[in-house]
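Since the structure of chain A is already known, use the hints to place chain B on it.
The lines below spell out each chain.
Protein chains: 2
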Amino acid sequence: MTDLQSALDLLGRGADEIIKREELEARLKSGRALRIKAGFDPTAPDLHLGHTVLLNKMRQFQDLGHQVIFLIGDFTGMIGDPTGKNITRKPLTREDVQANAQTYAEQVFKVLDKERTEVRFNSEWFAQMTAADMVKLAAQHTVARMLERDDFAKRYAAQQPIAIHEFLYPLVQGYDSVALRCDVELGGTDQKFNLLMGRALQEHAGQAPQIVLTMPLLEGLDGVNKMSKSLGNYIGIDEPALDIVNKTMKIGDDLMWRWYELLSLDHSLADIERMRREVAGGQRHPRDAKIALAFELAARFHGKAAAEEAITQWNAVVREQRIDVDLPLLDIPVPESGLRIAPLFVAAKLAASNSEVSRKMAERALRVDGTVVEDREKTLHAGGEHLLQIGKRAFARVRLVAA
Amino acid sequence: MTDLQSALDLLGRGADEIIKREELEARLKSGRALRIKAGFDPTAPDLHLGHTVLLNKMRQFQDLGHQVIFLIGDFTGMIGDPTGKNITRKPLTREDVQANAQTYAEQVFKVLDKERTEVRFNSEWFAQMTAADMVKLAAQHTVARMLERDDFAKRYAAQQPIAIHEFLYPLVQGYDSVALRCDVELGGTDQKFNLLMGRALQEHAGQAPQIVLTMPLLEGLDGVNKMSKSLGNYIGIDEPALDIVNKTMKIGDDLMWRWYELLSLDHSLADIERMRREVAGGQRHPRDAKIALAFELAARFHGKAAAEEAITQWNAVVREQRIDVDLPLLDIPVPESGLRIAPLFVAAKLAASNSEVSRKMAERALRVDGTVVEDREKTLHAGGEHLLQIGKRAFARVRLVAA
Numbered sequence: 001m002t003d004l005q006s007a008l009d010l011l012g013r014g015a016d017e018i019i020k021r022e023e024l025e026a027r028l029k030s031g032r033a034l035r036i037k038a039g040f041d042p043t044a045p046d047l048h049l050g051h052t053v054l055l056n057k058m059r060q061f062q063d064l065g066h067q068v069i070f071l072i073g074d075f076t077g078m079i080g081d082p083t084g085k086n087i088t089r090k091p092l093t094r095e096d097v098q099a100n101a102q103t104y105a106e107q108v109f110k111v112l113d114k115e116r117t118e119v120r121f122n123s124e125w126f127a128q129m130t131a132a133d134m135v136k137l138a139a140q141h142t143v144a145r146m147l148e149r150d151d152f153a154k155r156y157a158a159q160q161p162i163a164i165h166e167f168l169y170p171l172v173q174g175y176d177s178v179a180l181r182c183d184v185e186l187g188g189t190d191q192k193f194n195l196l197m198g199r200a201l202q203e204h205a206g207q208a209p210q211i212v213l214t215m216p217l218l219e220g221l222d223g224v225n226k227m228s229k230s231l232g233n234y235i236g237i238d239e240p241a242l243d244i245v246n247k248t249m250k251i252g253d254d255l256m257w258r259w260y261e262l263l264s265l266d267h268s269l270a271d272i273e274r275m276r277r278e279v280a281g282g283q284r285h286p287r288d289a290k291i292a293l294a295f296e297l298a299a300r301f302h303g304k305a306a307a308e309e310a311i312t313q314w315n316a317v318v319r320e321q322r323i324d325v326d327l328p329l330l331d332i333p334v335p336e337s338g339l340r341i342a343p344l345f346v347a348a349k350l351a352a353s354n355s356e357v358s359r360k361m362a363e364r365a366l367r368v369d370g371t372v373v374e375d376r377e378k379t380l381h382a383g384g385e386h387l388l389q390i391g392k393r394a395f396a397r398v399r400l401v402a403a
Numbered sequence: 001m002t003d004l005q006s007a008l009d010l011l012g013r014g015a016d017e018i019i020k021r022e023e024l025e026a027r028l029k030s031g032r033a034l035r036i037k038a039g040f041d042p043t044a045p046d047l048h049l050g051h052t053v054l055l056n057k058m059r060q061f062q063d064l065g066h067q068v069i070f071l072i073g074d075f076t077g078m079i080g081d082p083t084g085k086n087i088t089r090k091p092l093t094r095e096d097v098q099a100n101a102q103t104y105a106e107q108v109f110k111v112l113d114k115e116r117t118e119v120r121f122n123s124e125w126f127a128q129m130t131a132a133d134m135v136k137l138a139a140q141h142t143v144a145r146m147l148e149r150d151d152f153a154k155r156y157a158a159q160q161p162i163a164i165h166e167f168l169y170p171l172v173q174g175y176d177s178v179a180l181r182c183d184v185e186l187g188g189t190d191q192k193f194n195l196l197m198g199r200a201l202q203e204h205a206g207q208a209p210q211i212v213l214t215m216p217l218l219e220g221l222d223g224v225n226k227m228s229k230s231l232g233n234y235i236g237i238d239e240p241a242l243d244i245v246n247k248t249m250k251i252g253d254d255l256m257w258r259w260y261e262l263l264s265l266d267h268s269l270a271d272i273e274r275m276r277r278e279v280a281g282g283q284r285h286p287r288d289a290k291i292a293l294a295f296e297l298a299a300r301f302h303g304k305a306a307a308e309e310a311i312t313q314w315n316a317v318v319r320e321q322r323i324d325v326d327l328p329l330l331d332i333p334v335p336e337s338g339l340r341i342a343p344l345f346v347a348a349k350l351a352a353s354n355s356e357v358s359r360k361m362a363e364r365a366l367r368v369d370g371t372v373v374e375d376r377e378k379t380l381h382a383g384g385e386h387l388l389q390i391g392k393r394a395f396a397r398v399r400l401v402a403a
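Protein sequence lines correspond, in order, to chains A and B.
Per this note's numbering, the first sequence starts with residue 1, numbered consecutively.
Per this note's numbering, the second sequence starts with residue 1, numbered consecutively.
Take these hints with a grain of salt, some might be off.
The list treats identical chains as one, so a pair stands whether inside a single copy or across any two.
Straight-line C-alpha distance at most 30 angstroms; calculated DSS-like pairs for lysine-lysine [claimed, not checked]: (1) K20 / K85; (2) K136 / K90; (3) K378 / K154; (4) K247 / K229.
Since the hints were derived computationally from the structure, they do not count as laboratory data.
This is chain A alone, in the form it adopts within the complex (with noise of 0.2 angstroms):
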């Protein structure tokens, strides 16, 4: 396998798309580091595992030693809503958009090489364009082409209102990759139509056309639907070792292998094609490759120290114990204000008054859902399920259910 094909592979590998992976061979012949976007929100970020597919591929790249750029969009953002009618996006101000450029910046670069990474922000070149430059942009495509985009089409056909200024934003992605003389643009399948903007406007300015390497869109807890935070079936990276290991472990075989493709850095497909073969012939336990996954997951967010000590509480905690399998579900009922930590551990009947809590809790014996708790004023609320412990060996499993 010469470097060029294993090059390719690694490029290529839980890529939904390339267009067109011809040029794509070419440009990596050339042997220079070729100049790799990926645009992002400029809304303040809180990056969850589904985010990390593309951050994945943008390292991907690094480490054959070509250079990411990792685009800010802060131009459309501090414009906000200008029908006026989701007062809820108000326009970012420039403060805004560094603040969120910090925390993208503490978030990525737990996946991304900051040597061969450029922060960079729309607004550089957009800020200078006139209101002429935009009419001129504007003549680079038609109306007829651009309610070809999916969303569009549907809205259109659906008689819901699209405002004009909808038509504008897929060219100002566009026109970014021009402004940066993108090699390649990565982005989510949803993102296709805006990538193949950049390469229709790079023609139109003389520039050969950019790379479209388009990823799935990562499915969530359920194995089903797509990550997301509003469907609640996401790992955030910032969320602690320990959760991130649990929710792991509770994902399906096949989503994990899936995830593996994704998510996985330190394990080539080749790996996880001999454990896949392992696990179907019965030498390898799937619960010792998910362990495995779930490792390299806490490890990339929090460090490997972290990690093992994540794994072990899991191990004790979960596993060994085999809370999941043994213990009972109580239901108990909460006010709508919440139950604090003393009354539910009484009322899940591992203490017999709210003092020995407070004595337990200041011993540090106290957790929930594997998670030492010290804070006396913590509320939980209803629609949860949690494991509750109490010393070393007394368990609970409650459903909070509302009074």
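Frame of chain A, contents of chain B only:
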């Protein structure tokens, strides 16, 4: 009849639509000088009577004490054709715009009152606007409503491309009304959509929406098609007085009354109605009504003396000689380079030799289409019909055909 009612009658004369009439009435009642806008193309102007329908309406507002804004839409003109497809539509320079404005001024102040006219350029405000401002402007309208505009709807249905910037131009025009705080905008019926855009954007900007007053498109000499350069059925306002008279005298009677309504400033609707009754009742020859119209039009663009002379000439040459009725039409072959006066008169058998023509020319005894010709280099080309005259009584009607 109150003053207000007579003002409304005058302003409504010939109008296709007033949106909304009660708003116009309310603003006229306020007693203040209203701001009346009409937009004009920044490309080289060469006005014909069709354009004066709008100028007349502007003049009527001025005569009632209102302020007229002659708006030159140079912002888009200076962009040219941003698709780059129409290479003949080059961007105008600031010098071009100034030169064209000068030409406009020479023409339009034959109708408008200079004292009550503000000549403005929309580059004044659009040159200051940023790309972000244009995005915000674009947000104020939806794709669906834009596609309701007649020509867009037709092109979209016929799958003819509409570039996205074409959606921005009506917004630009509408925004001009915001920048100028217009009370009324005038335009042809074909401009209705764009004029209504001004209403919408003004409301959005917290201004009282302008009244929209549309004027019909003037029928040309043929009485059927709208007057236009490309159809050749026009009278240019820079044409010689005799041509204005000649052409006007040839229009049909129905068209004459239509022209009276839309083109006459001297004759009130009551006047016109009386003339019409007199013609219908046989008390007045329709030709006399037509002469009065021809006189008014010639006088507007060339002064009363020139108009009187033109009418006299028309009487002498065309009417008294009954040229149109009695003379046969001779076909004269003309080479591609054209035919000079001397060989033309020889070919028409009005003279025996070129030198005889030269002698008569020196005596100012040669006329073409009623106008004395003194330039022996003057050359006529294939494609027209002309009335040639030598001395007092010798005429020929010729049709110049390609040799």
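Numbers of the earlier hints that this structure fails to satisfy, in rising order | The structure conflicts with hint 3 only, although it agrees with all the remaining ones.
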